[in-house]
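What follows is each chain in one-letter form.
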Amino acid sequence: MNGQSFGSAMTAKEDPALVRGAAQYVADVSLPHMAHMALLGSPHAHAIVKDVDTSAAEAMPGVLKVLTGAELADQMMPLPCIWIPGGVESHFPPHPYGVPGARPVLATDRVRHVGDPVAAVVAETRRQAHAALAAVKVDYQPLPVVTTAKEALAEGAPRLHDAVPDNLNAYWTCGDREATDAAIASADVVVELDLVNQRTINSPMEPRAAVGAYDQTTGEYTLWTTSQSPHNHRFLLAGLVLGIPFTKLRVISPTIGGSFGTKGYLYPDMPLVLYLARELGRPVKWVDTRAGLMTSTVQGRDQVQHVTLAGTRDGRITALRATSYANLGGYPSTIGPGVATALMGRSITGMYAIPAAFCEVYAAFTNTVPLGAQRGSGRAEAMFALERIVDTYARRIGRDPADVRRQNLVPADAFPYDNGLGWTYDSGDYRAALDLALDKAGYPSVDAEKAAARARGKRLGVGIGAYVAICGVGPSTRMSQEGMLGGTWESANVRMHPTGDVTVTIGSASTGQSHETTFAQIVVDELGVDAGAVEVLHSDTLKAPYGQGTYGSRSFSVGGPAVHQAVLKIKDKIVTMAAHMFGVAKSDVVFDAGKVYPRGDGDNVKSVQDMAMALWYGWNLPPGLEPALDETVHFDPPDFNYPFGAHVAFVEIDEETGELDVVRYVAVNDSGTIGNPLVVDGQIEGSILHGLGQVLMEAAVYDDQGHLTSSNLLTYALPKATDAPFFELFRTVTPTPHNSLGAKGAGEIATVPVAAAVANAVCDAVADLGVRHVDMPITAEKLWRILNREEAGA
Amino acid sequence: MEISHTVNGEPHTTEVDGGALLVDHLRDDLGLTGAKVGCDTGQCGACVVRMNGRSVKSCLVLVAQTDGAEIETIEAGTELSPLQEAMVAEHATQCGFCTPGMVMALADLLEHEDDDPSEQQIRAWLTGNLCRCTGYHSVVRSVQRTAGSGKGAAT
Chain E
1 MNGQSFGSAM TAKEDPALVR GAAQYVADVS LPHMAHMALL GSPHAHAIVK DVDTSAAEAM
61 PGVLKVLTGA ELADQMMPLP CIWIPGGVES HFPPHPYGVP GARPVLATDR VRHVGDPVAA
121 VVAETRRQAH AALAAVKVDY QPLPVVTTAK EALAEGAPRL HDAVPDNLNA YWTCGDREAT
181 DAAIASADVV VELDLVNQRT INSPMEPRAA VGAYDQTTGE YTLWTTSQSP HNHRFLLAGL
241 VLGIPFTKLR VISPTIGGSF GTKGYLYPDM PLVLYLAREL GRPVKWVDTR AGLMTSTVQG
301 RDQVQHVTLA GTRDGRITAL RATSYANLGG YPSTIGPGVA TALMGRSITG MYAIPAAFCE
361 VYAAFTNTVP LGAQRGSGRA EAMFALERIV DTYARRIGRD PADVRRQNLV PADAFPYDNG
421 LGWTYDSGDY RAALDLALDK AGYPSVDAEK AAARARGKRL GVGIGAYVAI CGVGPSTRMS
481 QEGMLGGTWE SANVRMHPTG DVTVTIGSAS TGQSHETTFA QIVVDELGVD AGAVEVLHSD
541 TLKAPYGQGT YGSRSFSVGG PAVHQAVLKI KDKIVTMAAH MFGVAKSDVV FDAGKVYPRG
601 DGDNVKSVQD MAMALWYGWN LPPGLEPALD ETVHFDPPDF NYPFGAHVAF VEIDEETGEL
661 DVVRYVAVND SGTIGNPLVV DGQIEGSILH GLGQVLMEAA VYDDQGHLTS SNLLTYALPK
721 ATDAPFFELF RTVTPTPHNS LGAKGAGEIA TVPVAAAVAN AVCDAVADLG VRHVDMPITA
781 EKLWRILNRE EAGA
Chain D
1001 MEISHTVNGE PHTTEVDGGA LLVDHLRDDL GLTGAKVGCD TGQCGACVVR MNGRSVKSCL
1061 VLVAQTDGAE IETIEAGTEL SPLQEAMVAE HATQCGFCTP GMVMALADLL EHEDDDPSEQ
1121 QIRAWLTGNL CRCTGYHSVV RSVQRTAGSG KGAAT
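Sequence lines, in order, name chains E and D.
In this text, residue positions in the first sequence follow this note's numbering: the first is 1, and each later residue adds one.
In this text, residue positions in the second sequence follow this note's numbering: the first is 1001, and each later residue adds one.
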């Protein structure tokens, strides 16, 4: 597919409203007679709730209702977990109603993390609701606390859920354990690393919010919510939490202020505002605070890994083995267990053809905020482990890390390539991407730059991060085999109105990815209409058909082909009608630039607008042809897609202070066919800075009592504009065979290799000090201690 | 207490609670929701508006402090400013939540500090505005495009 619009850097249709501040977010929704909800979170990480006394709070000014878990016990079901790793030793029965550890909407007898909601207060104003929280008296009996996965799995650890022995949510494996162990046992060279992929907080700039309304006449509920999966949330809330008719719940996600994974989850506030709206007969609004977000919203990463790589002395990798301890937090979030297992484990060999590989994951409950996806989730944890151990191996055998990578790449003629862990890579030229990155970085000649930096009191280090990142979730049957309870297809409806204007409705939901622009671009060239004539509707279950939402970099590569195929059906119908009108065979109708005419008869031209009108009137249709142009497609991809790339980071470390500057960052990414490079490059730039945040500054830190000490933006560091230079972006384009656009995932992929590239650069800069590894976040303090020999590093 | 100020040129006399924050007053009382609340501690800058021409974080200003002041919010203009046009051209907004605050802060930079700032100046000025989507580069390029000098321009 090609044309004037598709593939061009068209400016985003959304942006004029966004730069004016005119877009409406959930927190901006205001309804007549609206009341305001505040949630009381537990101050304890683990405690028995002995009693909740609401009487004083109920007497506070403006308070309308104080709700506790006791009232809800027979009103709604716990929040379901729908991604339960398949085929594993776990404690899950095959239905989310019965997931052990499933989170009640409000705690009843026990709280399992700081911030675990215990009561909801509704008042006339938000300030009154918050003021009354302090008057809710909860009698807690504190219990012993465990905050790390390894400790939670140790004998004698505090048990969080009576139904979950040993706090083990799932023990999950992939690959060939015996062959891998045998290859390691017989290898010439074996290197090992212990890695901590620290817990992070996704931190979209918009905290979550929800507004619930209930129409007592019709029995219809409406939920405005910050959701990246409004259709799926409608299904889960109506059917599995509230037990109300699917047709009586409308979910609207207006403009969403970023998500990066966090807003794809069910949260207690969603059913609460609906229930309270019904009970009070008034709309109920809840808006989280930043401090609230820190414990109300899923957190990311948090895996402690032991990685072993075996190889020959001349650089051939023969085996890779990883054991990971994943910290799921206090409850299984909507898809948390799958993120921590399959997305990580099956990705662990990355770009390399490794004959024997095995990965095992212990996913454990702890007294921390539940775990979920964070931009690049699972894949980032896998690539950090892989790319760090490959560098470690290269150093051990005295080879250039770039050369060792080249030696082990999956070759370009090997696709489709079965990685032995469950993924079948669709297409790629990994050597081309890696060589392009190294070439643009001037990689072979950095020795002179290092010497020059040293003369300035700086240690220059260069690091590579190469990656493959599974995207395009996904083929529904394949996801069911992974334990996903739900379809993962995508839908689109395209209607051409009698005026020639076009409405596209899509099931995916933008959280800042400019869906209204790129999806329109798919239509513009095919139909030959102006971009201004195409509107894209999404994120409202009343307007859009079914859909699954935006996650796993799937919108353009799963939803895009659905739009494409729907518009091709529209075109086919136009051609059928034109053939009838012109009295020629369909094969003799030319459809070009918004016009149809009989081949060889350029004077007998009808515009697509003429055809839309003709089909709208429906006069004199050929036999069997229905009136109107209205086509819906549900697209379930035959397999995932696998974007890839290679990044090169240059860091300078000040020898006196340990301060680190990322001085250059070269990134090559391949997302297959690109719909809009302006949009995609924006996603890539944001993704890279997100990765820099994790490797250099971000950490969710819990003390031994489970209190989150990084609990606001003073104590949780987010990257600022001064934290990186302009990134040098390049791409290769290798279309996927799995959809009609050739598109692969793009939104999150560039986060995946960043931490490894920077950590490899740091280790390169301090290699002469005997440092093999530096744990993230790599702060100036850690580097200063290394430079001053206070710490030898790992 | 009673205070008088102008908001986007309109005079207002308001009875205010001594503890009321300017951002809440703008959003909840006046319906000017362009200023966003992204944090509770003055870090994120999503709530930046202009007070007597200079950018302020409206979550750190009491309404009571605005007596006699001219307040300008993102809703003030009818046409896109050159900066806003440049932000569209550079796709300097993704989710858009931080954008109004950035527009107000950068207008202050260009009008009162330097109409042709270097890349370093722009980045330093932006440290009061957090963005999780863009990586800031497209925002920096927008300011460079507006200033038009190419001083410290992207290569």
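Don't read these hints as lab results, they were simulated from the structure.
Any given hint could be a false lead.
Among the chain E residues that face chain D by a calculated CB cut under 7 Å, a handful are [as the list claims (entries may be wrong)]: (1) His161; (2) Phe235; (3) Arg250; (4) Pro254; (5) Gly258; (6) Leu713; (7) Ala721.
Just so it is clear, CB atoms sit at the ideal spot from N, CA and C, and this is done for glycine as well.
Holds or violated: is the Cβ of His161 of chain E closer than 7 Å to a Cβ in chain D?
-> violated (32 Å)
Hint status (Cβ of Ala721 of chain E to nearest Cβ of chain D, threshold 7 Å) | Holds, because the Cβ-Cβ distance from Ala721 of chain E to chain D comes to roughly 4 Å (cut-off 7 Å).
Interface restraint verdict for Arg250 of chain E against chain D (beta-carbon cut-off 7 Å) | Violated: closest Cβ of chain D sits about 22 Å from Arg250 of chain E, beyond 7 Å.
Does Phe235 of chain E pass the interface hint, meaning its C-beta sits closer than 7 Å to a C-beta of chain D?
-> Where the cut-off is 7 Å and the nearest Cβ of chain D is about 25 Å from Phe235 of chain E, the hint is violated.
Interface hint outcome for Gly258 of chain E [beta carbon to chain D under 7 Å] = holds (4 Å)
Grab the minimum C-beta distance from Leu713 of chain E to chain D and call the hint holds if it beats 7 Å, violated otherwise.
-> holds (4 Å)
For the hint on Pro254 of chain E, does the least C-beta distance to chain D fall short of 7 Å?
-> Nearest chain D Cβ about 11 Å off; hint violated.
Against the hints set out earlier in the document, violations occur for numbers 1, 2, 3 and 4.
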